[in-house]
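Protein chains: 2
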Amino acid sequence: MQKNEKFSFEIICRTPCGARRGRIVTPHGTVETPAFIFCGTKGAVKGASAEQLRACGTQIALANTYHLHLQPGEDTVAALGGLHAMMGWSGPLLTDSGGFQIFSLGHGGVAQEIKSRRAIGAPRTLMAIDEDGALFRSYVDGSLRKLTPENSIAIQRSLGADIVLPLDECTPYHVDKKYTAASMARSHRWELRSLAEFKKFNCGAQAIYGIIQGGVYGDLRKESCEFVGEEDFFGQAIGGSLGGSGKEMEDVVALVCAFKHRTKPTHLLGIGSVDYIFHGVRNGIDSFDCVHPTRLGRHGGALMANSISDGKGHINLRNSRFARDRSPIDDSCDCHTCKTTSRGYLHHLLKAKETLAGQLLTIHNITFMNRLMERIRHAIESNTLPTVESYYIG
Amino acid sequence: MQKNEKFSFEIICRTPCGARRGRIVTPHGTVETPAFIFCGTKGAVKGASAEQLRACGTQIALANTYHLHLQPGEDTVAALGGLHAMMGWSGPLLTDSGGFQIFSLGHGGVAQEIKSRRAIGAPRTLMAIDEDGALFRSYVDGSLRKLTPENSIAIQRSLGADIVLPLDECTPYHVDKKYTAASMARSHRWELRSLAEFKKFNCGAQAIYGIIQGGVYGDLRKESCEFVGEEDFFGQAIGGSLGGSGKEMEDVVALVCAFKHRTKPTHLLGIGSVDYIFHGVRNGIDSFDCVHPTRLGRHGGALMANSISDGKGHINLRNSRFARDRSPIDDSCDCHTCKTTSRGYLHHLLKAKETLAGQLLTIHNITFMNRLMERIRHAIESNTLPTVESYYIG
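Here the protein sequences line up with chains Y and F, keeping their order.
The working numbering puts the first residue of the first sequence at 1, with every later residue one more than the last.
The working numbering puts the first residue of the second sequence at 395, with every later residue one more than the last.
With the rest of the complex left out, here is chain Y (with noise of 0.2 Å):
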């Protein structure tokens, strides 16, 4: 294992189903786990500010190398600081390794396509992909760009998140066994290239994540956590296809749990439905994201537990039913939006084009996942996950 004090990772007590509640310390502070993390996709949880994102209780947060490499470029954020600077946000950080952007807008559209729906209509901008990485071009200015293990190591060391990630091959959806196998082989160079660069200037600030590929395929699937558990990887995350239903991705994580490293903090890419979430967590994940929680608050969504949102998991503040609506989102929630908003005055909002309503939304949607969480950790320690998931999913 790195040798680096400045991060840890302890397991803190199992539930006999599996879950697990740990602590991750990083140089910004410590994660309490099972947690969610924020994504911040071009250094901005959209619509909050790393004060509203504090005050909603949030640990810790993510930003896209792919995104914040093409625009304002890693020199500039190293200019103003690095990214906690620039953010002004002083808590846990970390990077994804630019990969998964590029090869889903690649194939024509973003998540869609690992998440195993064809994206028709976006341009293709992964222009070719070889062994010494892959060539892209810039939405921002058309420019030809090459992303490779080595350079995308050195992109995050001038982003200076806490965490980062190696390049991978996002394999889609799409593609037979013997693609993926090949795809996962080169994935794993790719990772040993981004540990060697990873090591050669590491001073102990970041840590780095191994990421398990091998698609829909049980038996690559073990190879690939083999191959991550016993290299040099501070933590291990879930990346690739995970399937083309609710149910095949539920069989992938349980699969990869059964394989992966015991004491690695794991890390379940992309996923951040309050379902997902509770069968990740009874599989031992430590950590999630998933823009979804952001992305539908500014959409008019607010999270609510299943319980009293009649099944759906939200509402959408939208709906004429809740324009003279004087209660709060959740009367239980003690987010500032609920505090202080009724549903009435945020349907007033969106239907006003007001960004006001995003924000308010966003507020309450990252204090419903952060709040989520908490109870999640509470319940592990008190070993009644159950009740906990039956409130919410039940």
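Listed below are the simulated EDC-like cross-link pairs for lysine to aspartate or glutamate, each with C-alpha atoms no more than 16 Å apart in a straight line:
hint : chain 1 : residue 1 : chain 2 : residue 2
1    : Y       : 351       : F       : 535
2    : Y       : 199       : Y       : 150
3    : F       : 733       : Y       : 51
4    : Y       : 339       : F       : 445
5    : F       : 540       : F       : 525
6    : F       : 593       : F       : 399
7    : F       : 745       : Y       : 141
8    : Y       : 264       : Y       : 10
9    : F       : 658       : F       : 620
10   : Y       : 199       : Y       : 231
11   : F       : 593       : F       : 544
12   : F       : 733       : F       : 719
Where chain F lies over chain Y, by a calculated footprint (3+ residues, C-beta under 8 Å):
hint : stretch
13   : 36–44
14   : 73–81
15   : 314–327
16   : 353–360
If you want the ones that stay clear, here's a sample from chain Y, every Cβ over 10 Å from chain F, calculated:
hint : residue
17   : 5
18   : 29
19   : 130
20   : 201
21   : 223
Honestly, the hints are just simulated from the structure, not real lab data.
Source: prediction; values computed, not measured.
Quick reminder that beta carbons are idealized off the backbone N, C-alpha and C, glycines included.
We have chain Y; now place chain F onto it with these hints.
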């Protein structure tokens, strides 16, 4: 004068040059004057929550009767507890009569026409104007609506702001004296009807200002000042066309201020640039409103004193010279944005089209205006207005 124990206006001191330091007491709190009133057009100051408004030192905001009447409708606002409760703003509020938007949109553009520039291309929504009121089309659903002095007051009663305004015709700049005189006379008749309607139901929760019309014509302005001064209005607002240039506007304001009632609080409608505020203050204006600070912020402009912004009164953070600038907008500013955010980060957020840029710049600009007015108030008390003015304007 209206007998209204919940409202009072007191002039605390005056400077030899004509500026005055006052205090307006309303049922929702006190406004220290001179004050700036922020525009919450559709029941929200664009990009700022009520809590943020308070944190920026805001005393009072306004909302537009025209927009709220069309969406969500005054009955819905009332069902949500009135404007204060709906917005979560417990401080003083003002609503206009709806006339400004009807006439300015109706003449084919919003403020441009009143401010002397003819707008091109916008659809005409003002269908007819007669002694009874103004017929217009809703921009929300195309329906025909009529605004009369009586229903404007009734709508504003439902909205529930502290200070309300009577319906007047906002005469454009490009009309002759004969039209302006006839329009003013009709506005006066409308103001009397407004006052009668206001008194019919007023229980002391609201106060009404009269509006001084007369365009750029001295004798008409004098006549209108006398009308508003003699009638039972709590305060007075300077409306109508103020001319086609800054110089002409200053002349009209000075003229009106020479004839206006001496002890009624006086509002200058729609004016918010710093130099005009100093001019108005010197002429005894007590309050100002304008969308400028918040609109400028959404477009990347940060208000600054002339003395530290090359005489421009703001800096445009879209300018690439700020890309790597780690300093705050203004290191003498104590707003949340200046305490946490660099110019370089704001530049990046603007380039990346993150709405957070607008939020952060709006916070700075609101704080700037509140701080400006606070300094003006102190300067009046200590008779040092020229010193403060030269810092901001010099």
